[in-house]
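Protein chains: 2
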Amino acid sequence: MHVLPYKDLPSQLFDDGAMKKVTMQIAVGPEHAAPNFVMRVFTIEPGGHTTRHSHAHEHEVFFHSGKGNVFYDGETREVGAGHVAFIAPYADHQIRNTGDEDLIFVCVVPILKTTL
Amino acid sequence: MHVLPYKDLPSQLFDDGAMKKVTMQIAVGPEHAAPNFVMRVFTIEPGGHTTRHSHAHEHEVFFHSGKGNVFYDGETREVGAGHVAFIAPYADHQIRNTGDEDLIFVCVVPILKTTL
Numbered sequence: 001m002h003v004l005p006y007k008d009l010p011s012q013l014f015d016d017g018a019m020k021k022v023t024m025q026i027a028v029g030p031e032h033a034a035p036n037f038v039m040r041v042f043t044i045e046p047g048g049h050t051t052r053h054s055h056a057h058e059h060e061v062f063f064h065s066g067k068g069n070v071f072y073d074g075e076t077r078e079v080g081a082g083h084v085a086f087i088a089p090y091a092d093h094q095i096r097n098t099g100d101e102d103l104i105f106v107c108v109v110p111i112l113k114t115t116l
Numbered sequence: 001m002h003v004l005p006y007k008d009l010p011s012q013l014f015d016d017g018a019m020k021k022v023t024m025q026i027a028v029g030p031e032h033a034a035p036n037f038v039m040r041v042f043t044i045e046p047g048g049h050t051t052r053h054s055h056a057h058e059h060e061v062f063f064h065s066g067k068g069n070v071f072y073d074g075e076t077r078e079v080g081a082g083h084v085a086f087i088a089p090y091a092d093h094q095i096r097n098t099g100d101e102d103l104i105f106v107c108v109v110p111i112l113k114t115t116l
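As given, the protein sequences belong to chains A and B, one line each in that order.
First residue of the first sequence? That's 1 in my numbering, and the numbers climb one at a time after it.
First residue of the second sequence? That's 1 in my numbering, and the numbers climb one at a time after it.
Okay, chain A solo, but in the shape it has when bound (with noise of 0.2 Å):
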């Protein structure tokens, strides 16, 4: 059975610039024979950031914990714990830690496309 704190799950930190104290959790993915989409959990430190980019994937988001906000497509909106976010393919997006506390959030993308 796959049930536990995704505090338990290895880590890995992405800190290159264009992302910036992003650490990424695989919760749910082929190394548990998921067949059909990715489930990641990522931790945004304060003063953190995603790439800003774009791709054919799409993002499926629900903010867990903290503040930052979402920007798409030239808009920005601000995000908190219960918020939901759909990124859908090609478009441009990045996401930003803005508060005092990490920013945690599930984001869920299809197999085989797990590039962030």
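No wet-lab data here; the hints were simulated from the structure.
In this text the structure is predicted, and so the values were computed from the model without any measurement.
Warning: the hint list may mix true and false statements.
Since the list gives no way to pick out one identical chain from another, each pair is judged satisfied if it fits inside one copy or across any two copies.
[Said to hold, decoys possible] Pairs of lysine to any residue residues, derived as SDA-like cross-links and limited to a Cα-Cα distance of at most 20 Å, are as follows:
1. Lys20 <-> Ser54
2. Lys67 <-> Ala81
3. Lys20 <-> Arg52
4. Lys7 <-> Ala81
5. Lys7 <-> Arg77
6. Lys67 <-> Met1
7. Lys67 <-> Leu4
8. Lys20 <-> Pro89
Chain A is already provided as a structure; the job is to place chain B on it using the hints.
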């Protein structure tokens, strides 16, 4: 831009005995042009539970708040905020609120298979 609090989304109550005190909201789905999978937010009130059943499609689950348990192929595990769960295809499963507050979780399924 489809970015909003899940509480603002339309909701559907399921309370037919097999399911008890369960509310579902479509966070991201075909109505938002999602191409591959559907993110739903479930709220189970204290004393409530989903149906115990199995089916061909998988669930990828993230628990946002509350306390409950996951029954999975004969075993039960306690869950709370920040737990993740993978319900594999054909696994016998049920989610139950065992706490005093709402149990709120995200459950993602493949598109066109949005049975519960």
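A quick look at each hint next to the structure:
{"no.": "1", "hint": "Lys20 <-> Ser54", "result": "within (17 Å within a copy, 41 Å between copies)"}
{"no.": "2", "hint": "Lys67 <-> Ala81", "result": "both (7 Å within a copy, 17 Å between copies)"}
{"no.": "3", "hint": "Lys20 <-> Arg52", "result": "within (11 Å within a copy, 43 Å between copies)"}
{"no.": "4", "hint": "Lys7 <-> Ala81", "result": "both (18 Å within a copy, 11 Å between copies)"}
{"no.": "5", "hint": "Lys7 <-> Arg77", "result": "between (27 Å within a copy, 17 Å between copies)"}
{"no.": "6", "hint": "Lys67 <-> Met1", "result": "between (32 Å within a copy, 18 Å between copies)"}
{"no.": "7", "hint": "Lys67 <-> Leu4", "result": "between (25 Å within a copy, 13 Å between copies)"}
{"no.": "8", "hint": "Lys20 <-> Pro89", "result": "neither (23 Å within a copy, 36 Å between copies)"}
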